[in-house]
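Protein chains in written order, with my numbering: chain A, 1 to 617; chain B, 1 to 206.
It should be emphasised that the hints constitute simulated quantities derived from the structure, not laboratory data.
Bear in mind that the values here come from a model prediction, so they are computed numbers and not experimental data.
Just so you know, not all the hints are guaranteed correct.
[Claimed, not checked] Computed cross-link-like contacts, DSS-like style, restricted to lysine-lysine with a CA-CA straight-line distance of at most 27 angstroms:
| no. | chain 1 | residue 1 | chain 2 | residue 2 |
| --- | --- | --- | --- | --- |
| 1 | B | K92 | A | K604 |
| 2 | B | K27 | B | K92 |
| 3 | B | K97 | B | K163 |
| 4 | A | K604 | A | K277 |
| 5 | A | K604 | B | K163 |
| 6 | B | K167 | A | K604 |
| 7 | B | K98 | B | K167 |
| 8 | B | K163 | B | K92 |
| 9 | B | K27 | A | K604 |
| 10 | A | K28 | A | K552 |
[Claimed, not checked] Label pairs and their in silico Cβ distance ranges:
| no. | chain 1 | residue 1 | chain 2 | residue 2 | range |
| --- | --- | --- | --- | --- | --- |
| 11 | B | I153 | A | R420 | 52 to 62 angstroms |
| 12 | A | W340 | B | P22 | 34 to 44 angstroms |
| 13 | B | P22 | A | W561 | 25 to 35 angstroms |
| 14 | A | E462 | B | I194 | 40 to 50 angstroms |
Backbone N, C-alpha and C define an ideal beta-carbon position, used for all residues, glycine too.
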Amino acid sequence: MATTALEHAPVYHRSAVVEWLTTVDHKKIGIMYGASAFIFFLIGGIEALIMRAQLATPNGTLVSAEMYNQLFTMHGTTMIFLAVMPLSAMFFNFFVPLLIGARDVAFPRLNAMSLWVFMLGGLFLNASFLFAAAPNGGWFGYAPLSSRQYAPGMNMDFWAIGLQILGIASIAAGVNFFTTIINMRARGMTLMRMPIFVWMTLITQVLVLLSFPVITIALVMLTADRTFGSGFFVTAAGGDPMLWQHLFWVFGHPEVYILILPAFGIVSEVLPVFSRKPLFGYSAMVFSGAFIAFLGFGVWSHHMFATGMGPLADSFFSLATMLIAVPTGVKIFNWIGTVWGGSVNLKSPMLFALGFIAMFIIGGLSGVMHAVAPADLQQTDTYFVVAHFHYVLFGGSIFALTAGAYYWWPKMFGRMLDDRLGKWHFWLSMIGFNVTFMPMHWVGLLGMPRRVYTYPEGLGFELFNMVQTIGAFILALSILVFIWNVIRTWRGPADAPADPWGGATLEWAISSPPQEFNFAEEPVVTEKDALWAMKDAAGVERLPEPVHVSGKGIHMPGPSWWPVIVAVGLLTFFVGLMVHRPWAFPFTPVSIAGFALMVFGIFKWAYEPVDAHAPQH
Amino acid sequence: MTSAVLDHDAHPAHEAHHTSLPIDNRKLAMWTFIGSECLFFATLITTFLIYRDSSVGGPGPKDMFEVPLVTFGTAILLFSSFFVVMALDGAKRGDRKKLILWLSLTVLCGIFFVAMQVYEFQHFYHKGLGYSTNLFSASFYTLTGFHGTHVAIGTLWLATLLKDAIKGRITPAKALNLELSALYWHFVDVVWIIIFPVVYLMSLGR
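With the hints as constraints, model all of the structure from the sequences given.
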């Protein structure tokens, strides 16, 4: 890069800001997904800590009931849409092309647009705090709590429109990654030779593509109800709040697999490398993942047992939900089978992966309890449910994403995270997590409802709640240890070797961090665990460090302004709906300006030569 | 959409991108997007069917629908799918006259259909069916409005390609640009083929 920059100084000497704004490099985009998602994760975490502080003692007065509504709504919305999904997207972006031996994704500019739309959507949602009007109707926005009558402020408009923006980013990324994985694999990498993480990414994209359109329409109807006064979910107008619940969960249940399948993929990459054994039951892993996704579209109403759907629907959704435990159990046994008899290396990534298995089993078991409709009637809307989904989302997704962070950090940044601090991070997380969420099972079964801003004395909730709050702050401390780890290693030298863990997959064949074009020569794959196969063929433990090459003649897409411009246009269009709320929609000057900017950007994008500024020419 | 993208396929210095399946990335992406769009319209159509008869007061389908006009619009849209196939054939053969002729007809059909819908909406509005009059109106306008928006986007896209064709930019090597828009156009047509009987005919036939 340095030499080419000299050769073409007038064209390529861009400031760092411009470089990152216009980049179409999947690795830079991945890093931006990760950085922004981590900031949103911290915001969501602070929201949780405020809630825990409020609930530490009975009759807490730290926040008002209204503020508490905003906190739990934004905590859920943030953690799902702005933290776990984009943290997964960070790994999709950075690693899917590397794992399949490609130089970039199929549509690099579309990829950049997804990033910017996501980032602006996240800012839009959080901007609601500035107007003291953060969403306050729960992350699933049940009617009538989301209706104009019961939620007259802008709160739920921020929610409905914010999610709409984020959905556009997800669908665009879904098309992109589906195409990339199907069509951009290295020669010889058949589907059944793909790393499991790539498989789980592919399945996740299918879920995104089939579930997000449903929530898109539901949100359009909600926005219409709130803006035009139509009655889709208004009982007085003949509308049915149950339709909202069905549409929401037809999206919402696949969504939880969108959150967990990438985690499954990461853990399936980490366990073999740190057990020095190939993944046990590769094809069973692939098919159980696909089966989970398929069943994921047939279980949505288990979120609605309390609505009184009748015995037939209850039985069907109970059985379908229990059935999902089968492929999930297959996965858990395969992970155990992978570790079994291996020479286990308990580095930080492995600890988090093993922690994931243990915590996910607990969350999975309480999930099966919810499948039993009569039992669910006791548990629904209590802290028992809160305990369950934090065991699968934090103990599951976040633990696995953290395993991925420690595992892939050297590849992303050329630096190894400190393993001793990593172990502190792990054990503080493990203890803090269980101290926070385990007691929620009991306090839930004792009858403490979710989403209440306080509780009276004498119901037996006091001790549990105090313990939970202490746990939450231990958990927060573990995140501080992680941040300290990042800062500390950032000051150190970027000296990570190409293959620090003895990896099985192609990303470890190239330098850490990779050069812009990833692979100087496109790899050819002969079997799964491609890099282990190459090392075996060469008869070595580690391949020699890759040499830095100039990359001259390698054809890479050039940077582009249009993705970020289209994203800004899109955001402006949606902001216009808020500014002139409620009656002028959508023919407001702001919306029209945004729409025009978007259309202009799309045209310029379409006619932009893709390789005009390729740095290697 | 991106006529410039294929420039580099024609560029002799670059080898064609290797793809795992014998299908261009953009075409695969279009099929993927269409798969996603199926759920989009499925949700809209389902909502309409659930709400068609749930209105509390106000006019219903029988007070509004005028089948002859919509039948004509349907026919126009169906013909346009045939026209775009002829245009694509012209593009692939490098027959510019044929390409421009049939592509112009396709664009005209698109414009006609959108105009038909604008007229229909106005007509209904004057007969007292506002967007939020009742559940029938809201679900009807949302469904057909989204379909109409898709037709409008397709028309704009095809018109852009027509401009390119007139400038001689759609060579046989770039016929894929037209093929992508044609795929989308056929899909939008197919959705209408479901909407016409399910929304219009079935609402009247009971």
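Between K28(A) and K552(A), is the straight-line Cα distance small enough, at 27 angstroms or below? holds (20 angstroms)
Just to be careful, I want the Cα atoms of K27(B) and K604(A) compared with a cutoff of 27 angstroms; is the pair within it? holds (21 angstroms)
Going straight from one Cα to the other, do K163(B) and K92(B) come out at no more than 27 angstroms? holds (17 angstroms)
For K604(A) and K163(B), compute the direct alpha-carbon distance and say whether it is at most 27 angstroms. It holds: about 15 angstroms lies between the C-alpha atoms, which stays within 27 angstroms.
Using the C-beta atoms of I153(B) and R420(A), is the stated range 52 to 62 angstroms upheld? holds (56 angstroms)
So the hint says 25 to 35 angstroms: do the beta-carbon atoms of P22(B) and W561(A) match that? holds (34 angstroms)
Restraint status (C-alpha distance of K98(B) to K167(B) at most 27 angstroms): holds (14 angstroms)
34 to 44 angstroms as the expected CB spacing between P22(B) and W340(A), which holds or is violated: holds (42 angstroms)
Does the alpha-carbon distance linking K27(B) and K92(B) stay inside the 27 angstroms limit? holds (16 angstroms)
Is K97(B) within 27 angstroms of K163(B), Cα to Cα? Holds. K97(B) to K163(B) sits at ~13 angstroms (cutoff 27 angstroms).
Taken at face value, is the distance from the CA of K604(A) to the CA of K167(B) at most 27 angstroms? holds (17 angstroms)
Is the hinted pair K92(B) and K604(A) satisfied, with a Cα-Cα distance of at most 27 angstroms? Cα-Cα ~25 angstroms, so holds.
Hint check: violations occur at hints 4, 14; the rest are consistent with the structure.
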